[in-house]
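A.B. asks: The residues making up each chain are set out below.
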Amino acid sequence: MDIFEILLSASFWTAAIRIASPLIFATLGELICERAGVLNLGIEGIMVAGAFAGWMAVYSGTGLWMGVAVAMAVGMLFGLVHSLLTVPFGLSQHVVGLGVTLLATSLTYYAYRLALPEVTSPPKIEAFQPYEVPFLSDIPLIGPALFAQTPLTYLAFILVGVVGLVLYRTPLGLALRAVGENPSAVAAQGLSVTGIRMGAVIVGSGLMAVGGAFLTMSAFDSFFFEMVNGRGWICIALVVFGAWKPGKALLGAVLFAAFDALQIRVQQMPLGADIPYQVFLMMPYFLSILALIVMSRRAEVPAALMVPFNKGER
Amino acid sequence: MTGAEAAQVVLRLDSITKRFGKLVANDAVSLSLREGEVIALLGENGAGKTTLMNILFGQYTADEGAVEVFGQTLPPGNPRAALDAGVGMVHQHFTLADNMTVLENITLGTRSLFSPRLDRAAARDKLAKLSADFGLQVHPDARVGSLTVGERQRVEILKALYRDARILILDEPTAVLTPQETEDLFATLRKAVKLGLSVVFISHKLHEVMAISDRVLILRHGRLVAERPIAEVDEETLAALMVGSEVSAPRVAAGQPGAALLRLHEVTTPDRGSAPGLKRVSLSLHGGQITGLAGVSGNGQGELADLIGGLTGPDTGRLELDGAHLQSWSPREAVHAGIARIPEDRHKTGTIAEFDLIENAILESYARPPYSRSGWMNWGRAEAFTREIIDTYDVRCPGPGTRIRLLSGGNMQKLILGRVLEADPRIILANQPVRGLDIGAVNYVHSQLLAARDRGAAVLLISEDLDEIMALSDVIHVISEGRLSPGFARGTMTPAELGVWMAGQGFEKETAHAS
Numbered sequence: 001m002d003i004f005e006i007l008l009s010a011s012f013w014t015a016a017i018r019i020a021s022p023l024i025f026a027t028l029g030e031l032i033c034e035r036a037g038v039l040n041l042g043i044e045g046i047m048v049a050g051a052f053a054g055w056m057a058v059y060s061g062t063g064l065w066m067g068v069a070v071a072m073a074v075g076m077l078f079g080l081v082h083s084l085l086t087v088p089f090g091l092s093q094h095v096v097g098l099g100v101t102l103l104a105t106s107l108t109y110y111a112y113r114l115a116l117p118e119v120t121s122p123p124k125i126e127a128f129q130p131y132e133v134p135f136l137s138d139i140p141l142i143g144p145a146l147f148a149q150t151p152l153t154y155l156a157f158i159l160v161g162v163v164g165l166v167l168y169r170t171p172l173g174l175a176l177r178a179v180g181e182n183p184s185a186v187a188a189q190g191l192s193v194t195g196i197r198m199g200a201v202i203v204g205s206g207l208m209a210v211g212g213a214f215l216t217m218s219a220f221d222s223f224f225f226e227m228v229n230g231r232g233w234i235c236i237a238l239v240v241f242g243a244w245k246p247g248k249a250l251l252g253a254v255l256f257a258a259f260d261a262l263q264i265r266v267q268q269m270p271l272g273a274d275i276p277y278q279v280f281l282m283m284p285y286f287l288s289i290l291a292l293i294v295m296s297r298r299a300e301v302p303a304a305l306m307v308p309f310n311k312g313e314r
Numbered sequence: 001m002t003g004a005e006a007a008q009v010v011l012r013l014d015s016i017t018k019r020f021g022k023l024v025a026n027d028a029v030s031l032s033l034r035e036g037e038v039i040a041l042l043g044e045n046g047a048g049k050t051t052l053m054n055i056l057f058g059q060y061t062a063d064e065g066a067v068e069v070f071g072q073t074l075p076p077g078n079p080r081a082a083l084d085a086g087v088g089m090v091h092q093h094f095t096l097a098d099n100m101t102v103l104e105n106i107t108l109g110t111r112s113l114f115s116p117r118l119d120r121a122a123a124r125d126k127l128a129k130l131s132a133d134f135g136l137q138v139h140p141d142a143r144v145g146s147l148t149v150g151e152r153q154r155v156e157i158l159k160a161l162y163r164d165a166r167i168l169i170l171d172e173p174t175a176v177l178t179p180q181e182t183e184d185l186f187a188t189l190r191k192a193v194k195l196g197l198s199v200v201f202i203s204h205k206l207h208e209v210m211a212i213s214d215r216v217l218i219l220r221h222g223r224l225v226a227e228r229p230i231a232e233v234d235e236e237t238l239a240a241l242m243v244g245s246e247v248s249a250p251r252v253a254a255g256q257p258g259a260a261l262l263r264l265h266e267v268t269t270p271d272r273g274s275a276p277g278l279k280r281v282s283l284s285l286h287g288g289q290i291t292g293l294a295g296v297s298g299n300g301q302g303e304l305a306d307l308i309g310g311l312t313g314p315d316t317g318r319l320e321l322d323g324a325h326l327q328s329w330s331p332r333e334a335v336h337a338g339i340a341r342i343p344e345d346r347h348k349t350g351t352i353a354e355f356d357l358i359e360n361a362i363l364e365s366y367a368r369p370p371y372s373r374s375g376w377m378n379w380g381r382a383e384a385f386t387r388e389i390i391d392t393y394d395v396r397c398p399g400p401g402t403r404i405r406l407l408s409g410g411n412m413q414k415l416i417l418g419r420v421l422e423a424d425p426r427i428i429l430a431n432q433p434v435r436g437l438d439i440g441a442v443n444y445v446h447s448q449l450l451a452a453r454d455r456g457a458a459v460l461l462i463s464e465d466l467d468e469i470m471a472l473s474d475v476i477h478v479i480s481e482g483r484l485s486p487g488f489a490r491g492t493m494t495p496a497e498l499g500v501w502m503a504g505q506g507f508e509k510e511t512a513h514a515s
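Sequence lines, in order, name chains A and B.
Just so you know, UniProt numbering puts the end of the first sequence at 314, numbered straight through with nothing missing.
Just so you know, UniProt numbering puts the end of the second sequence at 515, numbered straight through with nothing missing.
Don't read these hints as lab results, they were simulated from the structure.
Some hints here could point you the wrong way.
Unchecked claim - From chain A, some residues computed to sit far from chain B (all C-beta separations above 10 Å): (1) Ala-73; (2) Leu-102; (3) Tyr-110; (4) Phe-135; (5) Ser-137; (6) Leu-141; (7) Gly-143; (8) Pro-144; (9) Leu-155; (10) Val-186; (11) Thr-194; (12) Ser-222; (13) Gly-230; (14) Phe-259; (15) Gln-268; (16) Tyr-285.
What the hints assert, rightly or not - Chain A stretches covered by chain B per the calculated footprint, using a threshold of three residues with CB under 8 Å from any CB of chain B: (17) 11-23; (18) 158-171; (19) 175-184.
For every residue, glycine included, the Cβ atom is placed at its ideal position computed from N, Cα and C.
Working from the sequences, and respecting the hints, build out all of it.
C.D. replies: As structure tokens, this is what we get:
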């Protein structure tokens with residue numbers, strides 16, 4: 001099989017879209033935070049917590065969608081912690097973000113051991129199953145890739161549109177973008193900078209957790225340590241790659257996922273025998289950095305990103 | 001004025017007091033504003049004008065006193081309530097988001113955050129109507145970042161009008177405007193007053209206060225010291241009331257021109273975005289002379305200043321410093337050669353906001369003795385130098401260790417002036433040196449520039465204020481689209497004649513003549 005055959009195979013694109021889905025949730029979450037002017041480095045830990053919380057809820061007997069809701073709620077809780085420290089208290093967003101990541105990761109492992117003290121290998125759950133959309137899934141190549149996925153993947157793609165609509169077509173989105181560009185403009189219009197920023201971080205963190213939950217509830221059916229494996233950091237880069245726009249961020253997520261799906265397949269090709277497999281593992285990151293350099297040079301960063309707002313300061 | 005007596009009082013401030021630590025910014029200030037009236041709040045920098053208006057607008061909470069709008073007492077510290085009551089504020093530092101469009105900036109916060117749609121069509125119609133009614137032309141879909149300062153101010157005013165403001169507060173609105181833009185602003189304000197709005201105009205430019213207001217209130221050190229109908233005062237009286245004593249502009253005698261210290265010969269620089277580069281500019285700066293550069297901003301003044309300051313080099317043409325031909329020089333070489341800069345934007349390029357006065361005072365000389373030797377700072381000497389500037393140049397501040405962003409614009413400029421002049425420079429590049437300063441500070445800066453000239457320094461004065469240029473300059477050049485007019489000696493040109501050059505006419509004849 002050569003690379004062209006891989007690129008034209010439905011199974012490759014099905015895998016790429018599946019790999020992209022958690023990235024889409026988490027990237028949207030990060031994008032919402034950053035558009036409001038808050039860099040959320042808690043993303044990696046929040047994804048871990050979301051992955052565990054959703055899976056644990058389902059394992060304890062709730063329905064799958066309830067599991068997603070639990071994951072979201074846990075993410076929002078960490079978002080509340082993050083936003084309290086960074087918005088009204090105006091603490092360093094880097095330090096708080098990394099702190100939230102460490103806190104969420106450790107608490108997750110702690111909770112895991114409390115809940116399952118005896119197990120050697122984590123139990124499996126009945127995960128989301130692919131749903132084939134009638135007719136659409138029969139389209140060659142695109143059909144299986146886009147319309148034979150799990151419901152959470154459909155939700156991820158729908159959310160891209162929803163976030164775009166909210167950002168650009170509603171007063172809420174306008175205020176959210178403005179608060180990331182010039183908070184004093186928002187304050188001068190009588191709106192609460194603190195309220196809008198905290199809300200954005202809380203909702204964004206919720207989406208990150210759903211991204212994590214996708215891993216345990218849709219991509220796999222169990223929870224492992226190291227499962228998130230740097231996906232959160234990738235999403236931070238994807239937000240920049242997407243120039244803080246939801247549509248472009250989606251493109252970036254799919255592109256990265258395609259590289260990832262490709263490297264697994266290239267490893268199994270004859271030439272893969274002579275090259276250490278780590279080189280292939282590195283490829284998606286390497287290509288993403290290249291793409292980032294090309295795409296984001298002219299991107300407009302939200303002007304007030306990482307700038308705390310203190311009311312009444314001279 | 002007869003109708004004003006009967007008109008309704010729309011705004012009343014009742015003995016407002018505000019303290020910042022030990023500083024009393026407002027001391028029991030009371031005022032009232034009637035419908036269709038323009039009042040001016042006049043005072044030096046730091047007199048408490050902006051603080052008072054921020055209290056009215058709910059951005060600060062007063063320690064004592066109350067604000068009443070249309071008979072209703074406003075809850076303290078709540079901008080939303082002020083907006084809803086019909087108070088619109090045009091801030092001195094615009095509160096606009098550069099990356100967003102005009103329409104987005106204006107509609108921000110005007111609808112409930114939870115309403116599902118923006119309804120841009122209705123917003124656009126309302127904006128178009130306001131633009132027409134008040135003569136405020138601006139494209140609704142333009143990015144605010146791409147607008148000129150004058151246009152941005154129009155957006156700020158439209159923002160207030162869009163929310164149906166009945167009382168407009170303008171904080172130093174003309175500080176950033178060209179004379180023409182100021183006239184346009186005044187025309188808009190007159191229209192607004194005709195439509196029944198009331199205006200509070202904060203300024204320290206006396207002729208503008210005389211031109212636009214019905215009544216003037218004078219603040220000094222946080223206290224309301226006088227309140228007069230405009231018909232009963234003149235500029236001299238106002239100036240005296242403002243500073244508490246007689247003020248006089250420095251007397252300007254003709255300079256004694258010496259040798260040419262800096263020459264540009266047929267210099268061309270590349271265009272920078274919308275700002276034109278220099279086009280075959282020839283200029284000599286002589287010692288003992290103030291050379292004025294008149295022109296509307298953005299016509300190449302910045303490029304010329306950067307070239308002389310060593311920030312850029314020319315594409316073609318020759319530079320000559322003290323008779324030596326040079327291709328270009330770095331900013332450090334410029335400092336060493338005795339070129340001193342008073343930068344156009346004292347916040348961005350003149351100072352480092354979070355640094356204290358000492359660090360800012362040695363910003364250009366820190367790497368040289370006596371402030372540093374063999375790689376080690378000598379903070380004692382730096383502090384002594386700073387104290388000297390503070391005393392000599394009357395910089396009002398709590399002490400040399402204060403962070404500079406806590407100083408008023410005038411005091412910041414005095415520190416820069418001290419830094420520049422204490423190095424005893426031979427060439428002084430003064431780019432908009434008095435922009436945004438009050439009359440006391442303006443006179444001070446001007447007298448210092450004249451004193452430097454009389455010591456033999458060559459001064460290049462770049463300003464949009466034609467009055468300033470004509471008052472101080474021994475030779476005047478006009479710059480337009482990167483082209484430089486010939487030099488006109490003091491007193492040979494009227495403002496109208498210079499205005500023709502500023503509008504870009506006369507250069508063709510000149511080039512034809514030269515070739």
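A.B. asks: In terms of Cβ atoms, is chain B entirely out of 10 Å range of Leu-155 of chain A?
C.D. replies: Per Cβ check, Leu-155 of chain A is outside 10 Å of chain B; nearest 21 Å; holds.
A.B. asks: Residue count check for the region 175-184 of chain A against chain B: does it reach three with CB-CB under 8 Å?
C.D. replies: Coverage by chain B holds here, the residue count being 6 at a Cβ distance below 8 Å.
A.B. asks: Please settle this one: Gln-268 of chain A was flagged as non-interface, so is its CB more than 10 Å from every CB on chain B?
C.D. replies: Holds, because the least Cβ-Cβ distance between Gln-268 of chain A and chain B comes to about 46 Å, which exceeds 10 Å.
A.B. asks: Does the no-contact call for Tyr-285 of chain A survive, Cβ to all of chain B over 10 Å?
C.D. replies: 30 Å, holds
A.B. asks: Does the claim that Val-186 of chain A lies off the interface hold, with its Cβ farther than 10 Å from every Cβ of chain B?
C.D. replies: Violated: least Cβ distance 7 Å, not greater than 10 Å.
A.B. asks: Go check the region 158-171 of chain A versus chain B for me, would you? Three or more residues, Cβ under 8 Å, otherwise it fails.
C.D. replies: holds (count 3)
A.B. asks: Regarding the assertion that Gly-230 of chain A does not contact chain B, is the least Cβ-Cβ distance greater than 10 Å?
C.D. replies: Given that every Cβ of chain B is farther than 10 Å from that of Gly-230 of chain A, nearest at about 30 Å, it holds.
A.B. asks: Does the claim that Leu-102 of chain A lies off the interface hold, with its Cβ farther than 10 Å from every Cβ of chain B?
C.D. replies: Answer for Leu-102 of chain A: holds, closest chain B Cβ roughly 30 Å.
A.B. asks: Quick check for students: does the CB of Ser-137 of chain A sit more than 10 Å from each CB in chain B?
C.D. replies: For Ser-137 of chain A, whose nearest Cβ neighbour in chain B is about 32 Å away, the distance exceeds 10 Å, so it holds.
A.B. asks: Report holds if the minimum CB distance from Leu-141 of chain A to chain B is greater than 10 Å, and violated otherwise.
C.D. replies: With a cut-off of 10 Å, Leu-141 of chain A remains clear of chain B, as the shortest Cβ separation is near 37 Å.
A.B. asks: Grab the minimum beta-carbon distance between Ala-73 of chain A and chain B and tell me whether it stays above 10 Å.
C.D. replies: 21 Å, holds
A.B. asks: Non-interface claim for Tyr-110 of chain A: all C-beta distances to chain B beyond 10 Å?
C.D. replies: About 38 Å separates Tyr-110 of chain A from the closest Cβ of chain B, which puts it past 10 Å; holds.
Of the numbered hints listed earlier, those contradicted by the structure are 10, 17.
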